[in-house]
Each structure stands twice: as structure tokens, then as C-alpha cells.
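Just so you know, the protein sequences line up as chains A, B, C and D, in that order.
Residues in the first sequence are numbered from 1 upward in steps of one, following UniProt numbering.
Residues in the second sequence are numbered from 1 upward in steps of one, following UniProt numbering.
Residues in the third sequence are numbered from 1 upward in steps of one, following UniProt numbering.
Residues in the fourth sequence are numbered from 1 upward in steps of one, following UniProt numbering.
Hints were generated in silico from the structure; no laboratory data involved.
A portion of the hints provided could be inaccurate.
[To be verified] Derived DSS-like pairs: lysine-lysine, alpha-carbon spacing no greater than 27 Å straight-line:
{"id": "1", "chain 1": "A", "residue 1": "K72", "chain 2": "D", "residue 2": "K54"}
{"id": "2", "chain 1": "C", "residue 1": "K72", "chain 2": "C", "residue 2": "K54"}
{"id": "3", "chain 1": "D", "residue 1": "K82", "chain 2": "B", "residue 2": "K72"}
{"id": "4", "chain 1": "B", "residue 1": "K72", "chain 2": "B", "residue 2": "K147"}
{"id": "5", "chain 1": "A", "residue 1": "K147", "chain 2": "B", "residue 2": "K72"}
[Stated by the list, open to error] Over the 10 Å line for every Cβ pair with chain A, so calculated as not near, a few chain B residues:
{"id": "6", "residue": "R103"}
{"id": "7", "residue": "T176"}
{"id": "8", "residue": "I183"}
Yeah, the Cβ is synthetic: ideal placement off N, Cα and C, and Gly gets one too.
There are 4 protein chains.
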Amino acid sequence: MKRGFAVAVRARGGRGRGTPANPAADPAATDPAGSEGSVPRRLLAVATRLFAEKGFDRTSVQEIVDTAGVTKGAMYHYFDSKDDLLAEIYTRVLRMQMTRLERIASGPGAVSERLGEAAADVVVTSIANLDDTTIFFRSLHQLSARKQREVRNERRRYHELFRSMVIEGQQAGVFTDRVPADIVVDFYFGSVHHLSTWYRPEGEWSATDVGGHYARLLLDALRPGAPQT
Amino acid sequence: MKRGFAVAVRARGGRGRGTPANPAADPAATDPAGSEGSVPRRLLAVATRLFAEKGFDRTSVQEIVDTAGVTKGAMYHYFDSKDDLLAEIYTRVLRMQMTRLERIASGPGAVSERLGEAAADVVVTSIANLDDTTIFFRSLHQLSARKQREVRNERRRYHELFRSMVIEGQQAGVFTDRVPADIVVDFYFGSVHHLSTWYRPEGEWSATDVGGHYARLLLDALRPGAPQT
Amino acid sequence: MKRGFAVAVRARGGRGRGTPANPAADPAATDPAGSEGSVPRRLLAVATRLFAEKGFDRTSVQEIVDTAGVTKGAMYHYFDSKDDLLAEIYTRVLRMQMTRLERIASGPGAVSERLGEAAADVVVTSIANLDDTTIFFRSLHQLSARKQREVRNERRRYHELFRSMVIEGQQAGVFTDRVPADIVVDFYFGSVHHLSTWYRPEGEWSATDVGGHYARLLLDALRPGAPQT
Amino acid sequence: MKRGFAVAVRARGGRGRGTPANPAADPAATDPAGSEGSVPRRLLAVATRLFAEKGFDRTSVQEIVDTAGVTKGAMYHYFDSKDDLLAEIYTRVLRMQMTRLERIASGPGAVSERLGEAAADVVVTSIANLDDTTIFFRSLHQLSARKQREVRNERRRYHELFRSMVIEGQQAGVFTDRVPADIVVDFYFGSVHHLSTWYRPEGEWSATDVGGHYARLLLDALRPGAPQT
DNA sequence: TATGAATGAGCTTTCATTCAT
DNA sequence: AATGAATGAAAGCTCATTCAT
């Protein structure tokens, strides 16, 4: 994104379900479609939806600006390129999830409680921002090499923090160490990233249900004791 | 794929195996169908590698045929479209995985053994065909609506079979039913599909290692007994 | 067409209505679709239908051979090119119409009777071979320059013969010469060539009706006497 | 045509008026929209000439834009497709001819005078726009099904108006009704549409000559009285 | 007499981006 | 802060024709 613009787009729920993940930050809720928020905000919101729906490469800049009700000139005034729009979405998602994880990991309580809370929270957040989740796991390779590296590094830091809780529990004997912490983390986040391929808001389970079940599965898998044959 | 061609491409795993771009310069012309298998076979192999490396939309037909050492006309002689190439890859993967799962599920042994074997096998197979795995979870939305439906149906059948083992164990009391079988299955296959985002053949773990760990995590999560808080 | 093949395709009616213009030449009437007559005959028949339906440029050789139930190799065995197919159609039409006109023009009877018969006959024949008529007026420019010249020359001979009857009548005082014979002929054949744009076999008028009306209009326009203001 | 552009191209007749292929080499840049009218206007003019010369399918978009001295992007900025260009030509011709006929038909004077004037006028107009006339009768089937229907409907309205004059004369006894008015109209417009296949501006007759002769033939054919045998 | 794989040139269309205003 | 005409490169696909068999 071009320097000098503070955009701070609020998170938007998956495909139309407005489930703000951070409702406190929602300023004006009286926005008819097409004129909500500032121009860059609108562009980012529209791009997120379209990228999730049709994929980055199949979404044209023309379509984005038409849907946002602005012109190409306006878009190129705020963003360097179409890639920039995608990079901005990644930045926003990473920042949000990192912030939440840091708060939980540094909180009080036993490590199993903190890990459980973090595991459930990332599920709930991923569901609340299903479009972001879809884009995240599907469009990484469409980012520039430079930006891909940035994203991967940031992601690694996130995984490290999560992993440090697993290791803490293993060292304390609260979790089994039959499976290396690295693998546990990749195992779990694979499940989380794939939520967008099967979760439907109108379906049987709420985001909280799924968060609870996923956390349960993780914690139970880490229970010490004789392995299941 | 156009009717009347039996292609039977064998699964190929890793990336980077070069295919001469200019087979005209190939002196050993004793191979009647080019430098590496028949033309459609070569096209499918090359397309798999390129789609996994760069994504479907970023791989041009020109690039595919140049790499396979044929012309566009030849490609369109065997395949209806670029989409058809992708569809063929999906068909091949689905058939292979379904066949393996059916064999394992109908085998002898306790349900926990069969589930564990199936869980490990799908990991090993996914790693042996990492390109296929990458394409599978990333390119579904680039298939035609019709073909997408077919793939999803076939995939559902696969999940059903896997789920039936989970349920069998839950009813027998071998597995806990704290988490619904549906969610267990989606949880596990999320992890499996995402193997391609982190697994590196040159890394610390063999495919069998990972298969063992993943199966272990699944079975342990299903162990009956008091839940971990 | 390649030398050495006698094809002698019988005329076929417009779009499915088998109204052979020259029924005496029809040898075998027991032909299931797809195997009627010799290969070149079938190709010509199929090409005629498709060229009339979709236009020359929009009909692919593949489509022609598929419909005729043969392969491309077979087609190129009998015809030099796709253009050759079209040229053959023109040759056939021209020959047929010229033969008929020569017979009528050299017959007995008053010039007005002969002109009327010729005028009606060309209408009936054009309707009986509506596909040919459609192709004739629409595809001339798709012929090679060489073949175009041939067709135009042949056409000129045909017009000359028709015109000679008009002039004969004008000189005999049976027809008015208010309008030059040249223009009368172009005027009339414009109407005839356009039959294929409006005439429908299932419609109100039979081919004979239209032939009668067209001949009537021509003869009445040529009646001597005070002009209509 | 894309919404929002008013093009209003004036009708152009003969062929061969060259348009510089390389307007970049045009020093007189005071004309803000290129060397000859606005870009869409130029494209339409060039397309009309080329479609008439070589046929719609044999004229490539590349050829059109090169001749007009613009790029493909520019063309697709103003027109949805190559078909759209053709559709625009049809719209223009239909509108022009309808307007003229309406003016004449609703004018004063006896029906025979009005019919004669209309008959001569359509000839003169068709000759003044020979390219349009060529395209009109030859390319209808290359239009989209939707647009074809529109054109046919508009054409039917035109024919209806012309036919209403014939019927008016027949009912008044000024014209014979030996031949149904429907057939008279199709007969006459066949002749008119085919003008482009034989009329040459450099030839023996002026457009007015031909218009007079054609109208004469029509009116004389409609004269009441004993038919010519 | 016929096959059908393969060619290679050409087609229409899309699109991110620029730039004069 | 914003417009929208124009660019230029590349995309997917079609097709008449050839040729070894």
C-alpha cells in the first residue's frame, strides 16, 4: 500500500455474514452498500470478498472498482497495484491473529488452558473471517516473492509462539511428547486453514462449537498416558 | 479428456525433474512417442508439475506444451481444454486414494488398526504425490462448476468411508464420541491436505515418520477416558 | 475436385426436405442416414447442408467429416481442400441451371411463353435446392479468385441466355423496352437469389405458386402499353 | 455497443478511401480524436468497408484496428466484441432506411406515387451505401441469435410499411391483386438487396437511373388489366 | 483407400497499468 | 483526489492441412 494512508479496515465475516471479530472498533453501522467507509476501506473489503469468491487471478481490477463504486484511477491512487491489495489483506490478517495469540499466550492460567484457548480462538476468528481464511491458504503463491517471504516469516513467528506452549506443556509433563511439537503445530494449523473448505455458517455447528471441538481434539491428542494401539 | 484415449499416467511425486523442451534435438528417436512416454502422458505429467509450482491460472498452455516438447495443436488433440487437463489430474488422484482406502477399510483387523493404517497411508501417499496434493486443495475452484460437483461428490464418498470407521469405533466404545465423527474427519483431512504447504522431502522426517505421527495424533485424540481440561 | 472421380451428386432439397430436382437420376433410395451413396457424394451432400446452415467459414472440415461419417484423410483423398468442396457445389448448381435454361430457351412456343417458363422454373429449382441457393449468393467471395472468375463467367453466360429472350421479345414488340434488358435480368435474378432468405417449405405457398407469381410479375412488368404513373 | 457512447457515424458509400495505418506519423495533431473523426467512428467506418470487401469472418480484428490506426485495446474499450461492431452497422442501416420510408409513406400524393418514390429511394440509398447493402444481405447469419431476431423484427416492420402501400393500392383498384402483396414485397426487396452484386458506380447507369427503372418495373408489374400470357 | 496424430499460424478477447487532464 | 481512454502483451483456443503408416 502506498505510504501515508491509515486504513484500518475492520474484519468482515465470511461471505455476507457480518460477524465483526472486533465489534468495539466498528464506528458507523449505518452504511448502505456501496458507500460504506472510505474509498480504500471499501476497495479492500470488496477485494477480500471477490478474491475469496473467485480467486485472485480471476478477479479483474475492473470488477473490483466497479463493485466498490469507484474508478480505476482512484484505486491506483491508493494502491500501487492489484498485488498490493492482496498484500494488504495478508498484512491485516497476520497482524490480527498475532495480536490475539500474543494476548492469550502471555495470559495467566495453566499451559493447557492457554493452549486450549488459543486453539479455540484461532478457529473462531478464522470462521468469523472466512474470506480471509480462504484467501490466506489459497493465494500465497500469487504474492510477490518478496512479500511471500515476509508472510512466511511472520507466519513462522506465529507458529513459534504456538509451539512454545506445546513444548512448555511437554516439558512440564502435562502433554505427551510422543509426537514432536513441530508436527503437532503443522497438524493443527492444517485443520484450521481448511475450515474455509467445509464450514458453512448456516450449518449444524456454530463457530464456538467447532472451536471447542478442535481444541478438544488437540488437547486430547496431547494427553499423556498409554497410546491407543 | 477426449474419449478414446487410455492414458494411465503413473503418479509422480517431487518437483524439478526436467523434461527436454526441444525433443527435436533428441537423437535417441527409438522411443516412438517422444522422450518420456506418450504425448498425453507427458502433457499430464508436465501440467501436474507446473500447476503445483505456479498455480493453474499462472501456468499458460504455451508453457505446458513447450515443456512437454509438443505443440498446442497436439495438446488440443488429446485434451478438450486446459481445464480438462486439470480435471484429469483430479480424476487420477481421487481414483487412486479411493482405491487404497477401500482396500484398507475392508481389510481384517480391529477398527483402530484399520483407521490407523488408513490415516498413515493417506499421509504417505499425499507426500509421495505432493504436487497432486498441492493442486488438489488449491485449484478446486478453478475447475468448471460441473466438474467441481463431481469431485466434491467423489470426495464425499471418500470421507464417508473414513467416517464410517470412526463411527464404528465410537459405537464399539473403542473411540470417544466427545467430538462428532464429521468434525473429526474434516479436522484430520485438513491436516493432510496441508502437508504440501510445509513438508519438504529433504527435511528432518520421512513420509513414514509423518504418517506415523499423524495417525498417532488422530488415534490418541479419539482415546476414551476423562478429557484433558 | 481431384481429377478422375465422377461424383454426380443428385440435387437435395432445402434443409431436409428431400425434393430431388431430377428424380430420374436417383439410383438407390434405400439409404440409412450416414451411409447414403459413395463417400464423395456424402461429403458433398453434408457440406452443402452445413455451408447453408452455418456459413462456409463457420463450418469446420472436422464437422463435415464427422457428419458424413468419414475421416479427414478420406476427405482429402477425394477433394483438394475445403475450398474445393465449395467450388464443386457451385459447379454442380451452375451446370444444372444452365442445362435447364438451355432446354427451355431452345424449346418451341412464343418468347413470352418461353421466358415465363424459364422464370418459373428457376424459382422452382431454387426452392427445391434452397441450400444451394443460400450458398450461391452468400459464399461467392469465399471462393478462390480463380474460381470466382469461372463462376462469374458461367453466370454471365446464363444471364446472357435469359437476356436474349427478353431482347427477342422487346424487338418483336411483345415486351416493352422502357427498361433495358440488362436491368430487367439483374432485377429478376436478385429476387430469385433471395428466395432462400424468406421462403419456408412449411409456409403458405408451394414452390409452384411462387414460381407462377414471380413469372407473372416479370411478364406483367414487361407488358407494353402506357406506363403506370 | 457499450453504453454511453454516441457515435452517429454518417453513412459512407464507395470503397477504397484510404485511412492512414499509422496515425502516429500524422503531424497535424490539432484534430483531437485522430486523423478522421473519433476513434469509434473510425472503427465503424473501417469495419464497414472491410466487412463488405472480404466478409465478416475473413476480416480480423487486427486488420480493423491496424487500418483504423488504433490498438485492439482501444477497440475493445468502445465495442464489446467484433460482433458488436457488426450489430452496430445493422442498427445504423435499419434506422436510416426506416426513417426514410416513414417519411415517404406518410407523405401526400397518390399511393402509386408514394410507392414509386419509396421504391426508387431505397434503390438510390442502397447504392449510396453499397458496403452496407453488401453486409446487410450477406452477414445476417453471423450476428448473434439475439441480435438476428432484433434485426429481423425491425426488418419486418419495414416490410409491413411497404406492404401496406401495396395493399392500399390493391384495395383502391390502382394495383392488381393477381399476386399477393407479401410476395410482391419479397420480390422487390430481393432485387434491391442484390444491387451490390452487380451495380458498379463507374458503370453505365447512375443510381437514379437504376432507381427509376426498378420503380418502373414494380409499378408496371402492378398495373391492373388483362395479364400477359 | 484410408487413418488420425501432429503442425503452425492465426484467431478473438482480457487485463494490469499508464497518463493527460 | 480522481477520471477513463488507450496501451501492449499475452492468453486460450481453432483449424485447414500434411504425412507416416
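Results of checking the hints against the structure:
At roughly 38 Å between alpha-carbon atoms, K72 of chain A and K54 of chain D are farther apart than 27 Å, so this suggested pair is violated. Taking the CA atoms of K72 of chain C and K54 of chain C, the gap is near 20 Å; set against the 27 Å cutoff, the hint holds. A threshold of 27 Å between alpha carbons decides the hint, and for K82 of chain D with K72 of chain B the separation of about 25 Å falls inside it, so the pair holds. Restraint check: the Cα-Cα separation between K72 of chain B and K147 of chain B comes to about 23 Å, which is no more than 27 Å; the hinted pair holds.
The suggested pairing of K147 of chain A with K72 of chain B is violated, with an alpha-carbon distance near 34 Å, which exceeds 27 Å. Against the 10 Å criterion, R103 of chain B stays outside the reach of chain A, whose nearest CB is about 21 Å from its own CB. The beta carbon of T176 of chain B is not kept farther than 10 Å from every beta carbon of chain A, the shortest such distance being approximately 8 Å. Separation of I183 of chain B from chain A is inadequate, the least Cβ-Cβ distance of about 5 Å not exceeding the 10 Å criterion.
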